[in-house]
Structure formats: structure tokens, C-alpha cells
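Residue numbers (the working numbering), protein chains in the order written: chain A, 155 to 390; chain B, 19 to 315.
Heads up, a few of these hints could be off.
Unchecked claim - List of simulated lysine to aspartate or glutamate pairs, EDC-like, C-alpha gap at most 16 Å:
id, chain 1, residue 1, chain 2, residue 2
1, A, Lys285, A, Asp262
2, A, Lys161, A, Asp179
3, A, Lys261, B, Glu187
4, A, Lys161, A, Asp217
5, A, Lys285, A, Asp251
6, A, Lys285, B, Glu183
Unchecked claim - Computed, partial: chain A to chain B, Cβ under 10 Å:
id, residue
7, Phe178
8, Leu324
9, Gln328
Calculated directly from the structure, the hints in this document are not laboratory data.
Cβ coordinates follow ideal geometry from the N, Cα and C atoms, glycine included.
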Amino acid sequence: MSWLEVKDADVYYGRVHALRELSFDVEEGEIVCLLGNNGAGKSTTMNMLSGLVRPRAGVVRWDGTDLTTAKPWDIVSRGLIHVPEGRRIFSTMTVHDNLLLGGYTVKDQRAIAERVELAYSLMPRLAERRKQQGGTLSGGEQQMLAIGRAIVAGPRLLLLDEPSMGLAPLVVKQVMEIIAEVNRQGTTVLLVEQNARAALRIAHRAYVVETGRVTLQGPAAELAQDSRVVDAYLGA
Amino acid sequence: MMQLIWNGLIVGSFYSLVALGYSMVYGIIKLLNFAHGDIYMLGAFVGFLVLSSFGGIPAAMSIPALLVILLLAMVVTGLIGVAIERVAYRPLRSSPRLAVLITAIGVSFTLEYGIRQLFGPNPRAFPVRLSSESFDVLGMRVSLSQLVLVVVAAVLMFVLAHIVERTREGRAMRAIALDPQAAHLMGVNVNRVIATVFFIGSALAGAAGVMAGAYYGSIDFLMGFVIGLKAFTAAVIGGIGNLYGAMLGGLLLGLLESFGAAWLGGEWRDVFSFAILIVILTFKPTGLLGARVVERM
Ligand SMILES: Nc1ncnc2c1ncn2[C@@H]1O[C@H](COP(=O)(O)OP(=O)(O)OP(=O)(O)O)[C@@H](O)[C@H]1O
Ligand SMILES: [Mg+2]
Numbered sequence: 155m156s157w158l159e160v161k162d163a164d165v166y167y168g169r170v171h172a173l174r175e176l177s178f179d180v181e182e183g184e185i186v187c188l189l190g191n192n193g194a195g196k197s198t199t200m201n202m203l204s205g206l207v208r209p210r211a212g213v214v215r216w217d218g219t220d221l222t223t224a225k226p227w228d229i230v231s232r233g234l235i236h237v238p239e240g241r242r243i244f245s246t247m248t249v250h251d252n253l254l255l256g257g258y259t260v261k262d263q264r265a266i267a268e269r270v271e272l273a274y275s276l277m278p279r280l281a282e283r284r285k286q287q288g289g290t291l292s293g294g295e296q297q298m299l300a301i302g303r304a305i306v307a308g309p310r311l312l313l314l315d316e317p318s319m320g321l322a323p324l325v326v327k328q329v330m331e332i333i334a335e336v337n338r339q340g341t342t343v344l345l346v347e348q349n350a351r352a353a354l355r356i357a358h359r360a361y362v363v364e365t366g367r368v369t370l371q372g373p374a375a376e377l378a379q380d381s382r383v384v385d386a387y388l389g390a
Numbered sequence: 019m020m021q022l023i024w025n026g027l028i029v030g031s032f033y034s035l036v037a038l039g040y041s042m043v044y045g046i047i048k049l050l051n052f053a054h055g056d057i058y059m060l061g062a063f064v065g066f067l068v069l070s071s072f073g074g075i076p077a078a079m080s081i082p083a084l085l086v087i088l089l090l091a092m093v094v095t096g097l098i099g100v101a102i103e104r105v106a107y108r109p110l111r112s113s114p115r116l117a118v119l120i121t122a123i124g125v126s127f128t129l130e131y132g133i134r135q136l137f138g139p140n141p142r143a144f145p146v147r148l149s150s151e152s153f154d155v156l157g158m159r160v161s162l163s164q165l166v167l168v169v170v171a172a173v174l175m176f177v178l179a180h181i182v183e184r185t186r187e188g189r190a191m192r193a194i195a196l197d198p199q200a201a202h203l204m205g206v207n208v209n210r211v212i213a214t215v216f217f218i219g220s221a222l223a224g225a226a227g228v229m230a231g232a233y234y235g236s237i238d239f240l241m242g243f244v245i246g247l248k249a250f251t252a253a254v255i256g257g258i259g260n261l262y263g264a265m266l267g268g269l270l271l272g273l274l275e276s277f278g279a280a281w282l283g284g285e286w287r288d289v290f291s292f293a294i295l296i297v298i299l300t301f302k303p304t305g306l307l308g309a310r311v312v313e314r315m
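Hey, can you work out the whole structure from these sequences and the hints?
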């Protein structure tokens, strides 16, 4: 059995059938990428893992926890941390307070302090702006803050929903490097991306999701060569 | 002159305590809790009940007794606030704002006329006589009990500011006010934190109710209505959702009333103070401390 196992998951929003028998898995230590067009069900998948939406049917298990019934705060305190689409920074709170909120479920004050320092050392731009309001940061800095907030939570499985959205190519590269570094330090990453090129560069494996189903899967390097992926997601 | 300021501060600190709950609840779930003034009334009645069941309290003991009753009333009103949120507001959290507003008005009437049924329509004398032992400072006549009231109010506000700004729970409150779903993703139990806010806000209003009962000497089932409106005004003048705004707004309103009553006579008090408040809003529609937010577009 895989570390994270999703099997035949069905999610509905009212009558909209958003995930249709979706299945995939993630092993500890990997970076796994979900690719797919708008409305394919990528964010829904993330929301299902973090307990924001519940599947009507199927298995969602992570490291011995049944994610279909676990309370969202228990999921967070066990180390499954979801960085949502659009970053969702607390705009009028300072950078530092945003980071501290990441540690909301962490009891050990020393661990929080160490991880805040880790976030600052991975992203020195944040350290320079620690007293600034989160909402005043640039898009790239906000994305870094969102990742930093997750780092303070002590992630074992980090879910990142379109971290490159709206960022300039150079900043996308920086953000991807930070993600790869977080992974090297021991965090498993599930990455949702529209920017397939950037994502496949750091991912180990990838799945293509179309209308709520997995239609292709494989090692990232192979998918990057696959003509169906190249045509649909990597441009000409 | 100094006397007017002192009197204004006393009444203003009641307004501030009530305004804080108004502002916190609005800040966190964007609800105008019209029943909030009635919690102040309930606080006064809880104090009344406890005091009457003890029979008389000797004047020498009035201040310590008052403090104990204050704590008791805060716990009771805090729990009532939590219960109201649970029963009346939480089920409507995702309904249109108007529905919840009407619910709040319904809760307000329920509390007012429920108390009227229990205690009757006539004012009751608050059964504690504050010792009128007083002394002169800076040209003000200050009684010991007045001083105690103002100090207690200040301590409560200080503790609240500390909780909201420096503690983990306070950070969670501010986070929910900005983005409940993102707070949820940080592992915040949003419902529990909202319940905490209702507890704190209601306890502050309950405290103000006891203090007002002791200060004015009489209480009735409608006493929360006007102060509810005034506290709401104070919260808006200060910048609703902003803690220091609510404190400032309450004190300002108390001072304006005190000066208005002295300069123009008691009947003109509200005309004077509200006219000035309207002028303030004309120049600062978001309130004195509202929207000091740097927001990127
Ligand atoms: N709250 C909702 N209510 C109703 N339908 C929804 C809701 N959220 C998502 N959907 C629908 O579910 C489907 C999947 O949406 P989802 O947000 O998961 O897509 P996505 O792959 O993340 O797309 P994008 O790349 O645009 O972010 C879409 O058809 C969407 O319209
Ligand atoms: Mg999405």
C-alpha cells in the first residue's frame, strides 16, 4: 500500500461530478505533479486531501489516516499542509504573523522558532520584509510567504496548488527551486501546475487529469517527451 | 471641566466595553449582532439576582463584592453569548446577511421581553450602594468606586488587546476575520474560535452591565437597547472591526455626551453628540481608526 493512496474517489458539488473514480498514489520522499486543464479537478483533489471537501465514494488514505473522515485540524497537525490556489495570504497581518499562523497546531515553541528561521533562510526576501503587511508583497513574495507558512507547520506532505500562477518566468524558476529544496530536506510534495514545463523539471512522477479522471501517468521525464503531453500542455 | 472629562470617561468606558464585542463579532463573521446590547442588560440582571439572593451587602464590602459578582456575571453572559451563537447564528453562517440580521433582531426581542416576563416591566433598584467616599484629584471629585469601575474597564480592555495581538488564539481570530477558509487550512478550528470571540465579547458586555447597574443604581429590561445602538455607533466611529477604534469610539461618545449635557442641557445631549459623530463620519467614513490598511490592488 502506498504512503498516500487515492482510489476511485468521487466528489460532487451538488450535481457537478468533479472527480470520477480518480486514483493515484504518492510515495514518501517524492515530488508528484498533477497536470490538467482548467476545471479538470486538480484543486478539488487537493481540497479532498485536506478535508475541505469530502468524497462521496472511494478510498483516501495517508500514512494510516483515513482522510475522508479526519478533522481538518487533525490532518494539519499530522503534517499534511495545503497551500491553496491564489496563496490566500492574510493580507493585513505582518509577514511574521503569517508565518506564525502556520505554526498554529504546533505545540513546541522552539520548533516553531526554528522553522520560522528555516523559512527566512530559504527565502531571505521574506526576512527583509518581516514587519510588512502580507498584502503589500509582490506576487512572487506572496507565494514564498504561502510556502513559508506551510514550512512552519512542519509539513510531511506538502500540497501546492499552482504556485507559479501569475509569476514571471524568473520568479517561477526561483519558486520551483525552493520547492525542490524543501523536498530535498525531507518533505514529500504533491504539486498541481498549469506550467507543465516548470513542474516536470522538478517532479519525479506526474499524472494527467482530465474531467476528473487520470488519463496518463508516468515518470516526469517520460511524460515530458510524450507527444500527447507535449501537444496538450507543453505547447508546440 | 475636569469633572466633565471624568464623568465622560466613566460612561465612555461602559460604551467601550460594549462596543468591543460589537466590533469583534462584526470583524470575525461580519454580523451586526443587534442582540449585543441585551447581553449588557443580562449582565446587569445576573448581578441583580446574585446580589438580591445575598440580601444586603454592607457598604464597606461593596467593592470586593462587586468584583466577585462582576466575574460571575461575565462567565454567565459569556456562556449565554456562546449559546446564542450556536443556536441562532451558526446555522445561518452561509445564509444571506439579511437573514442573520433579522435573526439577531429576533434574539434581541426574545431576550428583552423574556426578561420583562421574568422581572416585570418596571425598573429594579440595583441592590448595592457604592460607598460615596471620595477625594479630589486635579480638580475632579472622584469616588473610590468610580475609580474602581474605570480601572476594571481599563484592565479588561488591556487584557483583551493582549489576547488579540500577542497570543496564538488572537492571531487565529484575526486570520478568520480576513479569510476563514485559509485559517481553516492552517488547522484553526474556526467554529471554536468564533465561539471564543462570542464568549469574550459577551463577557465584556456583561461586565459593563454590572458596572452600569452599580453606577446608575437602577436596571430595566430595555436598558440594553439604547446602549446597544450607542455602542454600535461607537464601534463604527472608531472603525468597525478595529479594537482600539471601539475603545476610542466609546470614550469619545462618553465625553461628547458629558460635555453636551453640561453645555446645552440634558435634553440636547444626544443631539450634540450625534451631530458631531455625523460630522466625523463625513470626513472619515471608515471611522477614526478604520481602513488603515495598505492593500495592493
Ligand atoms: N464550489 C464549487 N461548486 C460547484 N462546482 C465547483 C465548485 N468548485 C469546483 N467546481 C467544479 O468542479 C470542477 C473542477 O474544479 P477544480 O477547481 O477542481 O478545477 P481545477 O483543475 O483546479 O481548475 P483550474 O486549473 O482552473 O484551477 C469544475 O467543473 C468546477 O466548475
Ligand atoms: Mg484549481
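How the hints compare with the structure:
Straight-line distance between C-alpha atoms of lysine 285 of chain A and aspartate 262 of chain A comes to about 23 Å, which puts the hinted pair past the 16 Å bound. For the hint pairing lysine 161 of chain A with aspartate 179 of chain A, the CA-to-CA distance comes to about 8 Å; that is within 16 Å, so the pair holds. As the CA atoms of lysine 261 of chain A and glutamate 187 of chain B are separated by approximately 13 Å, the hinted pair is consistent with the 16 Å bound. Taking the CA atoms of lysine 161 of chain A and aspartate 217 of chain A, the gap is near 15 Å; set against the 16 Å cutoff, the hint holds.
Among the hinted pairs, lysine 285 of chain A with aspartate 251 of chain A is consistent with the structure: their alpha-carbon atoms are about 9 Å apart, no more than 16 Å. Proximity of lysine 285 of chain A to glutamate 183 of chain B is assessed by CA-CA distance (about 14 Å); at most 16 Å being required, the pair is judged to hold. Taking 10 Å as the C-beta cut-off, the interface hint given for phenylalanine 178 of chain A is violated, the closest approach to chain B being about 21 Å. A least Cβ separation of about 20 Å between leucine 324 of chain A and chain B goes past the 10 Å threshold, and the interface hint is therefore violated.
This hint is violated: glutamine 328 of chain A has a C-beta 20 Å from the nearest C-beta of chain B, more than the 10 Å allowed.
Of the numbered hints stated above, those contradicted by the structure are hints 1, 7, 8, 9, listed in ascending order.
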